[in-house]
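The numbering used here puts the sequence shown at residues -9 to 182.
Keep in mind the hints are simulated off the structure, nothing from the lab. Be careful, since some hints might not be right.
DSS-like, lysine-lysine: derived pairs with alpha carbons at most 25 angstroms apart [stated by the list, open to error]: (1) K155 x K132; (2) K26 x K6; (3) K132 x K6; (4) K47 x K27; (5) K6 x K166; (6) K47 x K58.
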Amino acid sequence: MEPFVNKPEAYLNLLKDFTMDPWDWNSPLIPAMEAKKEELSEKRIRLFPIWEKFLNKLSTYECVYEVKETSIQHGFHLLSTQIRLQGPGCKGLVFLVSMLGLYGVFFVDYDKPALVPLDDGYGKGWLSYYPYDEEGEILSRKIFNEIGTLFPDFSKFDNAYASIKVNNIYLGNFEKELDLFKAIFTTNTIFL
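Using the sequences plus the hints, can you model the full thing?
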């Protein structure tokens, strides 16, 4: 596999097979998109045993209160987990691995508004593409190092490009406009 270049054009290129004209529901591209979607789903199934071992290891980290496997709520092409941190309040991170070849994270803190919030549909500012504190930064780096060894053919998504808007994406359902992060990973940003 060729090394992935962390630039917006490279990310957008990953989505080219899932971009469509919103008015052309008879497009011959739709069966091709469905076939690609099935291919990604099969890849996810093959990687799931590695993912389960990773989650078990995560649950032993000292700062971690709870690890929830959340892949099913995020879609056919993802492995995902919610990691709730020790301490008061509700804070943690959501870590995602897209079968498009990328892994990424967003951060959650229900007590602090994000400086640059991720749009969660509620307007509360609880979600962020950037860590709220040093604890979140350290844990995310530790997870990135671990996941890089488990999934060596995957690359880390650069959250500096997360808010770039993309249009007309079809990944199981049609989305007229999304942040690049959500297009690659998930539109479901619920953290409980």
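| Broken hints, numbered, in rising order? | Failing hints, ascending: 1, 3, 4.
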